[in-house]
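Spelled out from the first residue to the last, the chains are:
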Amino acid sequence: MTILIWIIQLLLVPALSPLFIGIIRKIKAKLQNRRGASICQPYRDLRKLFNKDEVISEDASWIFRFSPFIIFAITLVVGASIPLFTGLISNPLSDFLVIIYLLAFSTFFLALAGMDAGSAFGGFGSSREMTVAALTEGGLLFSLLTLAIAAKSMNLFSISQKIASLPSSSLFPVGLAFVGFLIAFLAEAGRFPFDNPATHLELTMIHEAMILEYSGKRLALIEWAAANKFLIFAGLAANLFFPWGLTGQVTLPHIALALLLFTGKILVLSLGVAILESSIAKFRFFRLPDLLFVSFILSVIAIGLII
Amino acid sequence: MTEALAQTCFVVLFFSFAVGAIGSLILRNNDRLADWWGNSFAILGSISGIIASISALAFGNTFSYTLPSSFSILSFSINFDYLAAFFSLVLSLISLFASIFALGYVKHFFGKYNIGSLGFFYNTFIAGVMLVFLSSNAIFFLIAWELMALTSYALVVYERHDEKNVKAGLLYFIMTHIGTAFIILLFLLLFKQVGSFDFAAIKAGLAGMSPALRTAVFIFALIGFGMKAGIIPLHIWLPSAHPAAPSHVSAILSGVMIKTGIYMLIRLFLDIMPGTSLWWGLAVLVIGSVSSLLGVLYALAEHDIKRLLAYHSIENIGIILLGLGSSLTFLALGFKSLAILGLTASLYHTLNHATFKALLFLGAGSVVSKTHTRNIEEYGGLIRFMPLTALFFLIGSMAISALPPFNGFFSEWMTFQSLFRGFQALNSMAQWIFVLAAGSLAFTGGLAAACFVKAFGATFLARPRSEEARHAHESEPSLLVGMGGLAILTLVFGFFAGPISSVLAKTAGSLGALKMAEAPMAASWNSVRFADGFASLSMPLVLGVLALSLAIVAFIVYLWAGGRKVRTCATWDCGTTLDSRMEITATGFSRSIVTIFNGILKSTKQQDIEYHDADMRYFSKENRFTLETRDIYKDYLYEPLHRSVLKISNFFKRVQTGNINVYILYIFLAIFILLIALV
Numbered sequence: 001m002t003i004l005i006w007i008i009q010l011l012l013v014p015a016l017s018p019l020f021i022g023i024i025r026k027i028k029a030k031l032q033n034r035r036g037a038s039i040c041q042p043y044r045d046l047r048k049l050f051n052k053d054e055v056i057s058e059d060a061s062w063i064f065r066f067s068p069f070i071i072f073a074i075t076l077v078v079g080a081s082i083p084l085f086t087g088l089i090s091n092p093l094s095d096f097l098v099i100i101y102l103l104a105f106s107t108f109f110l111a112l113a114g115m116d117a118g119s120a121f122g123g124f125g126s127s128r129e130m131t132v133a134a135l136t137e138g139g140l141l142f143s144l145l146t147l148a149i150a151a152k153s154m155n156l157f158s159i160s161q162k163i164a165s166l167p168s169s170s171l172f173p174v175g176l177a178f179v180g181f182l183i184a185f186l187a188e189a190g191r192f193p194f195d196n197p198a199t200h201l202e203l204t205m206i207h208e209a210m211i212l213e214y215s216g217k218r219l220a221l222i223e224w225a226a227a228n229k230f231l232i233f234a235g236l237a238a239n240l241f242f243p244w245g246l247t248g249q250v251t252l253p254h255i256a257l258a259l260l261l262f263t264g265k266i267l268v269l270s271l272g273v274a275i276l277e278s279s280i281a282k283f284r285f286f287r288l289p290d291l292l293f294v295s296f297i298l299s300v301i302a303i304g305l306i307i
Numbered sequence: 308m309t310e311a312l313a314q315t316c317f318v319v320l321f322f323s324f325a326v327g328a329i330g331s332l333i334l335r336n337n338d339r340l341a342d343w344w345g346n347s348f349a350i351l352g353s354i355s356g357i358i359a360s361i362s363a364l365a366f367g368n369t370f371s372y373t374l375p376s377s378f379s380i381l382s383f384s385i386n387f388d389y390l391a392a393f394f395s396l397v398l399s400l401i402s403l404f405a406s407i408f409a410l411g412y413v414k415h416f417f418g419k420y421n422i423g424s425l426g427f428f429y430n431t432f433i434a435g436v437m438l439v440f441l442s443s444n445a446i447f448f449l450i451a452w453e454l455m456a457l458t459s460y461a462l463v464v465y466e467r468h469d470e471k472n473v474k475a476g477l478l479y480f481i482m483t484h485i486g487t488a489f490i491i492l493l494f495l496l497l498f499k500q501v502g503s504f505d506f507a508a509i510k511a512g513l514a515g516m517s518p519a520l521r522t523a524v525f526i527f528a529l530i531g532f533g534m535k536a537g538i539i540p541l542h543i544w545l546p547s548a549h550p551a552a553p554s555h556v557s558a559i560l561s562g563v564m565i566k567t568g569i570y571m572l573i574r575l576f577l578d579i580m581p582g583t584s585l586w587w588g589l590a591v592l593v594i595g596s597v598s599s600l601l602g603v604l605y606a607l608a609e610h611d612i613k614r615l616l617a618y619h620s621i622e623n624i625g626i627i628l629l630g631l632g633s634s635l636t637f638l639a640l641g642f643k644s645l646a647i648l649g650l651t652a653s654l655y656h657t658l659n660h661a662t663f664k665a666l667l668f669l670g671a672g673s674v675v676s677k678t679h680t681r682n683i684e685e686y687g688g689l690i691r692f693m694p695l696t697a698l699f700f701l702i703g704s705m706a707i708s709a710l711p712p713f714n715g716f717f718s719e720w721m722t723f724q725s726l727f728r729g730f731q732a733l734n735s736m737a738q739w740i741f742v743l744a745a746g747s748l749a750f751t752g753g754l755a756a757a758c759f760v761k762a763f764g765a766t767f768l769a770r771p772r773s774e775e776a777r778h779a780h781e782s783e784p785s786l787l788v789g790m791g792g793l794a795i796l797t798l799v800f801g802f803f804a805g806p807i808s809s810v811l812a813k814t815a816g817s818l819g820a821l822k823m824a825e826a827p828m829a830a831s832w833n834s835v836r837f838a839d840g841f842a843s844l845s846m847p848l849v850l851g852v853l854a855l856s857l858a859i860v861a862f863i864v865y866l867w868a869g870g871r872k873v874r875t876c877a878t879w880d881c882g883t884t885l886d887s888r889m890e891i892t893a894t895g896f897s898r899s900i901v902t903i904f905n906g907i908l909k910s911t912k913q914q915d916i917e918y919h920d921a922d923m924r925y926f927s928k929e930n931r932f933t934l935e936t937r938d939i940y941k942d943y944l945y946e947p948l949h950r951s952v953l954k955i956s957n958f959f960k961r962v963q964t965g966n967i968n969v970y971i972l973y974i975f976l977a978i979f980i981l982l983i984a985l986v
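Chains as they are written, first to last, in my numbering: chain A, 1 to 307; chain B, 308 to 986.
Hints should not be assumed to be uniformly reliable.
[Unchecked claim] The list that follows gives simulated cross-link-like pairs (lysine-lysine, DSSO-like), each with its CA atoms no further than 27 Å apart:
id, chain 1, residue 1, chain 2, residue 2
1, A, K265, A, K28
2, B, K643, A, K152
3, A, K52, B, K474
4, A, K48, B, K872
5, B, K474, B, K414
6, B, K941, B, K928
Keep in mind the hints are simulated off the structure, nothing from the lab.
With the hints as constraints, model all of the structure from the sequences given.
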């Protein structure tokens with residue numbers, strides 16, 4: 001039974017992540033009075049890309065060829081190390097600093113790969129990505145730190161267990177930290193108001209600019225990794241700040257219920273993201289730091305209230 | 308292993324450096340032989356240094372030795388305890404690989420500069436730094452300190468045909484001696500208190516020292532040793548002096564020499580004179596935060612590769628000071644075991660920074676020796692011509708950006724731990740300073756990653772942007788061995804984080820102020836775990852899981868899509884012809900961050916346009932942009948200081964009339980006043 005839990009834990013993020021991307025697109029389409037593609041479209045896209053031939057720039061080095069693999073591998077490792085549907089797994093990798101720095105590792109290679117082909121788009125994408133990533137780090141780290149201090153542990157699984165039984169007095173700081181985390185989440189996952197995931201040729205794009213030179217299986221890996229990253233952050237938001245519904249038992253019905261609850265929580269978050277993206281415009285690039293500093297300051301206040 | 312072995316190693320060590328130094332001078336007329344002689348003996352000396360330090364750290368073979376001199380206040384006493392052994396180990400490791408690197412690197416100076424004198428100063432410099440770590444008598448220490456300062460000055464101005472290097476050397480010379488003045492003052496204060504220059508005697512006799520005097524000692528130490536460590540705002544010499552030296556020397560300057568300041572701060576305040584005030588630790592924390600954050604911001608604005616690395620040294624000194632500051636604060640608050648945690652983090656980062664910064668400087672040296680420029684904008688695409696240099700530089704970049712599983716991540720993790728512990732401190736001001744220090748460390752990590760994406764990407768990726776870069780080729784084996792060795796060390800120090808941190812905790816616990824304290828973490832060979840369950844980390848696991856999942860992903864993709872064709876084609880060019888001017892430059896890359904932090908960096912933009920037709924200003928002939936960042940500490944600290952010194956000097960110039968009668972009057976008046984005052 002433990003093996004089953006581990007298998008689900010390992011495969012849950014890569015298996016479900018394209019689905020939620022599809023769902024967000026569908027909701028956005030509905031809000032725009034379009035019919036929209038099926039929610040399974042991202043899966044089909046991935047299959048299509050994996051079956052296609054590839055073109056690689058003659059200026060690109062091994063960094064360009066290698067990056068998609070390491071980026072995807074890191075999202076797998078991180079996806080397996082965060083609380084998703086169960087609190088039973090004890091994983092020594094679940095230290096939140098390790099998670100943050102592992103994700104920084106993937107950003108590092110993504111940005112290098114963007115510069116590698118020597119196109120003007122890639123370089124600017126990398127520059128913007130690293131700018132946003134560097135400024136997000138403070139808010140991201142401090143919002144999770146608030147929880148770690150409240151729970152007296154840096155392990156994400158212990159955090160999610162202890163936050164559930166926190167006294168109501170610490171709900172306010174946790175709420176502040178949640179807002180801080182949400183901003184960092186949107187920045188890291190490349191959603192509005194930071195980046196427009198639906199654009200391919202816009203001068204302000206970030207993520208799409210970096211991966212413009214990719215095609216075939218490597219593009220598939222990067223797109224899939226981006227979807228994984230979205231689900232990872234959504235999962236963290238859902239299970240660290242609203243940690244109810246993680247199963248403590250290893251029976252099939254419990255696991256099924258927990259998985260259902262997890263899907264439900266992510267659905268609510270996806271709905272929120274889709275509504276946000278349909279109702280506001282992307283921010284000007286030099287307005288983004290303000291938002292990111294707000295995230296940091298909120299988390300600092302939260303920590304101030306809790307210590 | 309016995310003590311005798313450690314002592315023999317020391318005799319071999321100083322003998323090698325002496326023979327290396329003098330031999331290179333004798334062989335100065337033969338470049339090839341002088342290069343070989345000087346560096347081989349430096350290698351020999353470094354290896355015996357490594358053996359001696361490891362035998363002390365691992366088997367407890369510490370010793371002290373005193374050779375009295377004919378002056379009563381000076382004795383050549385050596386105290387090789389755990390702390391000294393640790394710092395000697397750092398020095399020996401770096402100088403070993405730097406010397407191997409130098410064997411080949413020095414060749415591009417053949418015929419241009421004298422190799423014999425380089426070998427002489429290089430060997431005496433390493434011996435001088437070693438003596439700084441070993442000496443336990445203030446006068447002896449000052450001699451060693453001065454030996455280190457003078458030889459490093461000679462190395463900084465080694466490429467003397469470049470006017471800039473001579474200027475950088477002069478600035479370094481002046482700044483380091485201002486620092487030394489404060490250090491002399493500090494030891495005189497201590498001498499006045501205990502009547503001895505011997506460290507052991509000072510340690511024993513300090514009990515009744517008044518708080519005001521202690522504070523004075525602390526401030527003098529902070530200025531004197533902080534100057535050497537390169538804390539902001541005393542760092543102005545560092546970004547110009549370190550890049551000026553030959554690259555293998557820069558590696559030791561940035562990797563080890565600036566740590567002598569840290570070493571003496573630890574020695575003074577955690578060993579010799581325990582009993583710190585709370586605000587000392589907090590002051591060190593604030594200085595550490597400012598240095599780390601400003602250091603990385605200035606590095607981002609920089610596009611001279613060696614200056615960029617020098618600014619990162621300031622950043623990392625800041626991180627080391629965060630560990631040290633938290634240790635001092637915990638000590639003042641009475642949490643001895645947490646103080647050990649802070650100091651362990653600080654020592655670990657000292658070791659790590661030495662390895663990856665030396666690696667990066669050697670990598671930069673390898674690039675500079677092939678392209679003959681330090682300007683990142685003139686590189687590009689070097690990964691194709693120098694694949695191994697690129698790989699090693701990439702490893703160094705990942706380590707300094709604190710990416711797991713490299714060593715930089717572990718020491719930053721540990722520094723974070725000690726700062727997080729401070730949140731629970733009882734004093735509310737201390738709490739907030741800890742929070743801000745942790746915040747600055749978080750931003751520093753992110754900005755450092757951005758800076759190294761820029762440094763690596765602009766240097767090694769995309770297309771070459773100059774003729775030199777287009778004709779670069781891989782460096783020779785000795786350079787690669789030097790870099791490769793350090794690259795492996797960054798992984799090894801990351802992998803064996805458990806055992807190393809327990810040795811460092813033992814080192815920290817051996818100091819006077821921290822005796823009898825238990826470290827708050829338990830370390831096994833593969834993990835570090837805190838006793839209260841707050842955090843645990845296993846570096847081998849991180850490496851293993853990453854490697855495993857990478858292999859699985861690669862295998863599955865190979866099975867699924869391995870048969871698809873891969874075509875190599877030109878980068879998409881939007882219908883124009885792509886050339887190297889269209890790819891992003893280092894300046895362009897960091898421009899957005901520089902703009903965001905404009906309040907600190909004060910970037911300026913100047914545009915000069917020359918038109919074909921002065922009346923019809925539509926078609927520009929030449930369009931020139933000058934982007935600059937200004938240094939606020941220069942504008943607001945050094946410039947006013949400079950101006951007021953000049954003003955005062957001008958005022959006193961009136962006294963100097965040049966008339967000899969007036970001078971005789973001055974002498975007469977002086978004697979008259981002295982007679983009245985004294986009799």
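Honestly, which of those hints from before does the structure not fit? Hint check: 3 and 6 fail, others pass.
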